[in-house]
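If you're matching them up, the sequences are chains A, B and C in order.
Counting from 24, one number per residue, gives the positions in the first sequence under this note's numbering.
Counting from 56, one number per residue, gives the positions in the second sequence under this note's numbering.
Counting from 3, one number per residue, gives the positions in the third sequence under this note's numbering.
Among the hints, a few may not be true.
[As the list claims (entries may be wrong)] Calculated cross-link-like contacts (lysine-lysine; reagent style DSSO-like; alpha-carbon spacing at most 30 angstroms): (1) B/Lys210 x A/Lys370; (2) A/Lys370 x A/Lys381; (3) A/Lys354 x B/Lys138.
[Unchecked claim] Quick look at which bits of chain B chain A covers, simulated, 3 or more residues with Cβ under 8 angstroms: (4) 131-141; (5) 302-313.
Simulated from the structure, these hints should not be mistaken for laboratory data.
Think of the CB as a built atom: it goes at the ideal place given N, C-alpha and C, for glycine as much as any other residue.
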Amino acid sequence: MYVATKGGERAIDAAHQWLADERRGDRSVPELGVAQIREQMALAVNRVMAEGSLYDPDLAALAIKQARGDLIEAVFLIRAYRTTLPRFGASIPVETDRMDIIRRISATFKDAPGGQILGPTFDYTHRLLDFKLMADGAAPEALRKEAEAVAAPHILQLLDRDGLMEPLSEGAETPPDLTREPLEMPADRPLRLQALARGDEGFVLSMAYSTQRGYGRTHAFVGELRIGTCAVEMEIPELGFAVEIGEIELTECETVNQFTGSKSEPPQFTRGYGLVMGQSERKAISMSLVDRALRWEELGEDYVGAPAQDAEFVLYHCDNIQATGFLEHIKLPHYVDFQSELELIRKLRRAAAGAEVKEAAE
Amino acid sequence: MTEQAYNFAYLDEATKRMIRRALLKGLAIPGYQVPFASREMPMPYGWGTGGVQVTAACLTPGDTLKVIDQGADDTTNAVSIRKFFERTAQVRTTETTAEATVIQTRHRIPEVALTQGQILVYQVPIPEPLRFLEPRESETRRMHALEEYGLMHVKLYEDIARHGAIATSYAYPVKVEGRYVMDPSPIPKFDNPKLGGNAAIQLFGAGREQRIYALPPYTDVVSLDFEDHPFDPSKADHACDLCGSGASYLDEVITDDTGSRMFVCSDTSYCTTRQAEGHTGRLSPKGEAA
Amino acid sequence: MFEAEVLSGGFSNPAHESARAFRACLEAMARPGRIQPITGATPPAPVSPAAGAILLTLVDATTPIFLAESHDTEAVRKWIAFHCSAPVVAAGEADFAIGTWDALQPLSQFAIGTADYPDRSATLIIDCEDLSEPTALLSGPGIETKQPAYLPAIDAFGANHAQFPLGVDCYFTSGGQVSALPRSTKVEAL
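Isolated chain A (complex conformation) (with noise of 0.2 angstroms):
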């Protein structure tokens, strides 16, 4: 006789015991620690904190090790903590050009005052394996010297004094917050940015990507990589004025368009732009392309269907926690509904067997 399954709640807490100790893996190993996972997989930290928006590498180092390593899960179960976290105020915008730089590149300039700082980067390593980290050895110390106190200026601000530079026009003066606002289209730049910012990389990647590849081409130069430490203040009503509050790390990414001139606008370099948490270059750079990209409408470009240029395509599909959850979720049960499709597909089919059969006889 058929009983209906029952004891789903048993098979929950089971299978997330399960969980539990896969997580923990081979009790012989010693176990990861969260300042461990903190300081040595720190572009992961970086990450999740980017696109779970929320600055605290603890807490995201607490998620890449409670996710097992799945940085989307991560993502999420930070976005999670922070709907839940109490909003005293917003900071005032971080000033960028006041960044303790590690690192700044131009690609449009062979110099720059401040000069061109490679910092920690992968770039020009040879990508072979290095077994020497198999083994537990000491790392070799970084050669350290006392930071300059040179102004850095940001590259472009130079060709805007030639007046090379579209011109950057004032924003409102508070941004809209899509985390407390729902996404409304048409998108802003400044709500597009913000999206982008927490979008998910290999789709801001990607779609970057497709521009290069001539979907939307946009004939990008980095002007400018900056990362570093930026200070955040925050005013406080109390005392009139504003208060450093903490300091965050910051990836910056000014790209140079041609723009060869469109009815509305004249011949002139156009920007793109990537604001990111953490040191994410590749997301930063991504970020400057699909920036620019979604700029045809107001720079009076063609719209040729590209799906970088397409704002409602970019925003609404470019968050990995709405992408994950949805997709994931077709693992639900969704019996009911295909019952109702497994009756309507028989209905057309003997209504469709029954035309044959009137054919036939006719």
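Position chains B and C against the provided structure of chain A, taking the given hints into account.
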């Protein structure tokens, strides 16, 4: 992290206020999708975050909550959501439809008629009934504004031309109070007649898509159709093999590898209640029936 | 005494009491014309306890409010500032408005939403003497057949309904009671 670290019913008060305002506007404009700033929840998008946020905004400590998925109280996701509210809101829970004051559902409307004082909360994956005809939100919003639903009728009519019938069996679109075309969530079309004239308040939450909409009690809800092809809320042409009901929506269960199958009520509360009352079906154990 | 009045009168257990007050609003809006009890707030006069509970439940820093002349006192302003942090604005910019029926006139000064976003409309909280004497017969969503109800006017609400899906939505409050009239309701004199 203990449960005490979270507010009653998980969401903070500011978020609840925002959702509550959206729900009230939704009731004032039946069938219209109110945008709301959906929050990340501790369960994934697509797994009921919209319904969970609506339920969290509605629950009071005195409520009794029922959660169903596919009509059943014991499906894994229903169990998980019920547990979430037991932990974060400490509300009483039940599997009996009539005992519940708030019912969160995925894909079904309970068989027994709901009553005044009950709230039915639907989990909605794609709230926009026009989405698969027009992917652009800015376009579909215009279409609702202008009451331009020709595209939907064309689609349904093409079905009839190709298949001789409307080939939509669930998430079957409805028109509310003669104004807004609405997606009833992926309930089988068998459930559509229960949307209109219902004594309970029906609330719809789409978390990922950031939309809330509502049907006040006794709202006029019509499934779209044509004069020569009237709406047909069909189901499997069987009776339940466990409780004998000929009026309930049935799941088809394959019972062995030679193709034997049986039909059982998808609404587990309805089926067990009927069995307890002594109703029997084709496969009920002989002699046990009262 | 004045300061004490400003600081007091909120919900003693905000999470639970606002949940109950919301359910009263939900029932009211879902069943137009039916009177629901709503309690927990003791706002300064002339704001009724019911209107106070609605303010505490729905209004905050993100929802600008308009105070009609009848309710625009320093005590009310301070109470709303302390408990709701809502900015006080002109009628046309308000998400919520509170006052007596006469003081809220004309209705045309309030936002009725747009064709794309009919929800972007004002919600009026109308403090009344008494809700118990029906003056109108209501029909529409939320009502099985007809519902008798007290309304402070007939024609104005008929005109509001005629704009559907645009329009304002109203709560009528008196003492510890609330009833509501959404734009979807058809109104006729009793």
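Quick rundown of the hints versus the structure:
With a CA separation close to 19 angstroms, the supplied pair B/Lys210 and A/Lys370 stays within the 30 angstroms bound. About 16 angstroms separates the Cα atoms of A/Lys370 and A/Lys381, which keeps this hinted pair within 30 angstroms; it holds. Of the supplied pair hints, the one linking A/Lys354 and B/Lys138 holds, its CA atoms being roughly 20 angstroms apart against a limit of 30 angstroms. Only residues whose beta carbon comes within less than 8 angstroms of a beta carbon in chain A count, and the stretch 131-141 of chain B has 6; three or more means the coverage holds.
Coverage of the stretch 302-313 of chain B by chain A holds in this model, with 6 residues showing a Cβ closer than 8 angstroms to a Cβ of that chain against a need of three.
When held up to the earlier numbered hints, the structure conflicts with none and fits them all.
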